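Enquirer: What follows is each chain in one-letter form.
2 protein chains.
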Amino acid sequence: MTLPKTMRALVQLHDGYAGTQTGPDLADPSPFVALRDIPVPTPGKGQAVIKVQLAAVNPSDIHFIKGEYGQPRVAGQPAGFEGVGEVVAGDTPLLGQRVSFFAGASGTWAEYAMTDISGLIPCRPDLSDVDAAGQLVNPLTAIAMFDIVKESGADSFVLNAAGSQLGKLLIALGRDHGIAPIAVVRRAAQADALRALGAADVIVTGEADPLAQAHAAFKAHKPRILLDAVGDQFTADLFFAMPNGARWVNYGKLSTDAPKLAELGQLIFQSKRIEGFWLTRWMKEVDPARVPQAFATIQERFVTGSWTTDVAGIVPLSATMTGLAQVLAKPDGKAFIDPTA
Amino acid sequence: MTLPKTMRALVQLHDGYAGTQTGPDLADPSPFVALRDIPVPTPGKGQAVIKVQLAAVNPSDIHFIKGEYGQPRVAGQPAGFEGVGEVVAGDTPLLGQRVSFFAGASGTWAEYAMTDISGLIPCRPDLSDVDAAGQLVNPLTAIAMFDIVKESGADSFVLNAAGSQLGKLLIALGRDHGIAPIAVVRRAAQADALRALGAADVIVTGEADPLAQAHAAFKAHKPRILLDAVGDQFTADLFFAMPNGARWVNYGKLSTDAPKLAELGQLIFQSKRIEGFWLTRWMKEVDPARVPQAFATIQERFVTGSWTTDVAGIVPLSATMTGLAQVLAKPDGKAFIDPTA
Chain A
1 MTLPKTMRAL VQLHDGYAGT QTGPDLADPS PFVALRDIPV PTPGKGQAVI KVQLAAVNPS
61 DIHFIKGEYG QPRVAGQPAG FEGVGEVVAG DTPLLGQRVS FFAGASGTWA EYAMTDISGL
121 IPCRPDLSDV DAAGQLVNPL TAIAMFDIVK ESGADSFVLN AAGSQLGKLL IALGRDHGIA
181 PIAVVRRAAQ ADALRALGAA DVIVTGEADP LAQAHAAFKA HKPRILLDAV GDQFTADLFF
241 AMPNGARWVN YGKLSTDAPK LAELGQLIFQ SKRIEGFWLT RWMKEVDPAR VPQAFATIQE
301 RFVTGSWTTD VAGIVPLSAT MTGLAQVLAK PDGKAFIDPT A
Chain B
1 MTLPKTMRAL VQLHDGYAGT QTGPDLADPS PFVALRDIPV PTPGKGQAVI KVQLAAVNPS
61 DIHFIKGEYG QPRVAGQPAG FEGVGEVVAG DTPLLGQRVS FFAGASGTWA EYAMTDISGL
121 IPCRPDLSDV DAAGQLVNPL TAIAMFDIVK ESGADSFVLN AAGSQLGKLL IALGRDHGIA
181 PIAVVRRAAQ ADALRALGAA DVIVTGEADP LAQAHAAFKA HKPRILLDAV GDQFTADLFF
241 AMPNGARWVN YGKLSTDAPK LAELGQLIFQ SKRIEGFWLT RWMKEVDPAR VPQAFATIQE
301 RFVTGSWTTD VAGIVPLSAT MTGLAQVLAK PDGKAFIDPT A
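For the record, the sequence lines run as chains A and B. For what it's worth, full-length UniProt numbering labels the leading residue of the first sequence as 1, then goes sequentially. For what it's worth, full-length UniProt numbering labels the leading residue of the second sequence as 1, then goes sequentially.
Everything labelled a hint here was simulated from the structure, so no lab data went into it. Note that the structure is predicted; figures quoted are calculated from it, not measured. Hints may be right or wrong, so weigh each one.
Copies of the same chain are indistinguishable here, so a pair counts whether it falls within one copy or spans any two.
Said to hold, decoys possible - Here are the simulated lysine-lysine pairs, DSS-like style, with alpha carbons at most 27 Å apart:
(1) 222 - 284
(2) 330 - 45
(3) 284 - 45
(4) 260 - 45
(5) 150 - 284
(6) 5 - 45
(7) 284 - 260
Please put together the full structure from these sequences, using the hints given.
Expert: So this is what it looks like as structure tokens:
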């Protein structure tokens, strides 16, 4: 297959880190990325080029282009961490096949992306493109963090930003494994849907005395793990309200708070601890057999409907500079970019 | 041996917790304890009574009588967690012998104390009373936390309140095992003595830009463990200045700060974590063979001079209400109570 010389891509405008912490909101992408025609990437040894069919937009992508993620930006390079597409170049038996992938070498918000051959994930034919485009960051994170919950032996866990795509995946896992999820959300309007999905209890931070709601829920369910995508003061308060042995596992920073540790003594006397989760590290440290096994589980769950992808909107690549922000502003569901349009 | 019916003891005036966090200072003991004549404790099954020869005064004792420790007070009971004395009652082959002990059932700031037989630690004849009276809380904590340092594989560790008795024990352990101790102290006057003892570097918080001192020390030594008795904002700042993989191990709360986690993302991207250490839990969870082995090490280190106990003063039990505060106010060294005087 002969590839074109150039492609349309959303490229990063800045190098390195911004030194700011403004959270994952994006009212206007133009300070961070621009739509440009750039050369199609050429695969080196062990690399593959993928013609992108659909790319995901995750909070980590927004953190990244704003220079607020744990990896430095490279000006002129396409953004976008994950997507699905057809392998069009590279020394791999997957040539011509549909794969999900994490774009290690050239981002997915582009007509073509590039990554290591070892990271290509073959997709079942019955897996939809929206499920396939987002099967890595959120679903693999859900599986990996739920492994932590299971290994802890807890009968219950707490998760915040629970109305997010990842939150819903975690609630469904808790439901299916009999480990009671306690969901923390901002708006009361989200509570019923999460209860219907399988949340054993819902704490609404926008309502009166959310900490009293938490005390009641924690007394009933005795959660031991707090999966935290927010990192605000209320999360710290939740952690200190949890029973002995609680672990606060932070994996994202939706808030710009610097939470205070008001009861540090609980770490001593109640065996509590605070740690982080990063999918990239998990993939390096986990038993290698766990990863393909996890992708088989992920695809099976989507195809059978025990997981679903809520789509906030699919924005054509050509319209991202004007259209992406409004899809991201929707309170629920996931945004995608379609590089073929 | 016939025991008297009553004894002189410093008894606690309050039950439970105070709900305050005022730190381990004690200007006046009279709001918390009183000198009284009370019945000598009677041993139940598995318990021993010890005629106390010398009792230690540790920061945890002060936290405890103020109602700010992780265990509830019991009004009318003698205070004092550790000491040395002769076993005078109880079904044990150690009857008549000198033992160090942690007073589980009736405190050491009294002529007689009571604890479980299983917790009696026989003392070598060549171990001095001041070393024996304080061989549990500080030395065993030092051994246990230094096990954490060794198991982490770190080439260096950081400790604050480094001029304390426990701090000096840890510095000597680092020196003797070739793991560079970085000592954090408040006053420049303490620095030379700690360097002479074996500190690879000293950060003086009372001097200009202590965080810059820390950056230089961390760059040179790459510490991975932070042993923290203070829990203030500067400790949090130190933690975030440490290299990847750093662990903040809190074991005390000399400060009343509620430290802010300004860079929570380091837990995700730099594999850092925050945890607590409590000797009581360590003793329950550690391989039981480690404890007698640790006490053999402790006594050997004191007898051979690789550890020394710096004595701030020995206060007669009869004079504690007026004399204890002034000994505790000394900047260095450990306070003791002599119940025989």
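Enquirer: If a hint holds in the structure, say so; if it does not, say that too.
Expert: Now the hints, each set against the structure:
no.: 1; hint: 222 - 284; in the structure: between (32 Å within a copy, 23 Å between copies)
no.: 2; hint: 330 - 45; in the structure: neither (41 Å within a copy, 68 Å between copies)
no.: 3; hint: 284 - 45; in the structure: within (21 Å within a copy, 53 Å between copies)
no.: 4; hint: 260 - 45; in the structure: neither (48 Å within a copy, 46 Å between copies)
no.: 5; hint: 150 - 284; in the structure: both (20 Å within a copy, 24 Å between copies)
no.: 6; hint: 5 - 45; in the structure: within (19 Å within a copy, 87 Å between copies)
no.: 7; hint: 284 - 260; in the structure: neither (31 Å within a copy, 30 Å between copies)
The structure is inconsistent with the numbered hints 2, 4 and 7, although it conforms to all the rest.
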